[in-house]
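Numbering (full-length UniProt numbering), first residue to last: 1 to 153.
Hint data in this document are derived by calculation from the structure and do not stem from the laboratory.
One or more hints might be untrue.
As the list claims (entries may be wrong) - Between beta-carbon pairs, the in silico distance windows are: (1) H140 / A51: 21 to 29 Å; (2) S94 / P70: 31 to 39 Å; (3) E32 / I128: 34 to 42 Å; (4) K13 / S121: 22 to 30 Å; (5) D151 / A51: 42 to 50 Å; (6) Y92 / R68: 18 to 26 Å.
Stated by the list, open to error - In silico DSS-like cross-links for lysine-lysine, where the CA-CA straight-line distance does not exceed 27 Å: (7) K74 / K20; (8) K55 / K117; (9) K74 / K55; (10) K55 / K22; (11) K13 / K74.
Note that the coordinates shown come from a computational prediction; the quantities given were computed from them, not determined experimentally.
Heads up, the beta-carbon is just placed ideally off N, CA and C, and yes, glycines get one too.
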Amino acid sequence: MELGVLLMAIWLKNYSVYGKRKLWAAAKRAGEDVGREQVARIMRQLGIRGASRAKRRFTTHADATHHRAPDLVKRNFTASRPDELWVADFTYCSTWSGVIYVAFVIDVFSRRIVGWKASRSMTADLVIAALDMAAWMRRHSSLEHLTCHTDAG
1 MELGVLLMAI WLKNYSVYGK RKLWAAAKRA GEDVGREQVA RIMRQLGIRG ASRAKRRFTT
61 HADATHHRAP DLVKRNFTAS RPDELWVADF TYCSTWSGVI YVAFVIDVFS RRIVGWKASR
121 SMTADLVIAA LDMAAWMRRH SSLEHLTCHT DAG
């Protein structure tokens, strides 16, 4: 079998994700005496490429001049009653249409998400909207002794 045909067959069999290193290793396992750069050259000629991983997104941009609020819970994430301690954070999810940022507020006692908000942009308004939703969801409860903790990210 011609080497290009073999490489194309291996590449297609592996969901078109193999790059030159994995394709080279698979060809060696198949008994072909081939070099890695030879595999790379044939891949270029055939117009095939390995799948590349997405670049990591950084959701925190630390400001060294910014004063950080004290840790009121001192890393003790326990609560004896509802609405005593909330923790807030945000993350992102990659979707077919782009990146979506999600902020959420969790009641530590019940471990329930009491507020959340999703947006296409990472802004302070995103987190504030999640906190507003949490306060609205708990509108019948007294939030007088509530502590809300964030990771300062």
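Here is what the structure says about each hint:
| no. | hint | in the structure |
| --- | --- | --- |
| 1 | H140 / A51: 21 to 29 Å | violated, 50 Å |
| 2 | S94 / P70: 31 to 39 Å | holds, 34 Å |
| 3 | E32 / I128: 34 to 42 Å | violated, 59 Å |
| 4 | K13 / S121: 22 to 30 Å | violated, 41 Å |
| 5 | D151 / A51: 42 to 50 Å | violated, 32 Å |
| 6 | Y92 / R68: 18 to 26 Å | holds, 23 Å |
| 7 | K74 / K20 | violated, 49 Å |
| 8 | K55 / K117 | holds, 24 Å |
| 9 | K74 / K55 | violated, 34 Å |
| 10 | K55 / K22 | holds, 20 Å |
| 11 | K13 / K74 | violated, 53 Å |
When each numbered hint is compared with the structure, violations occur for hints 1, 3, 4, 5, 7, 9 and 11.
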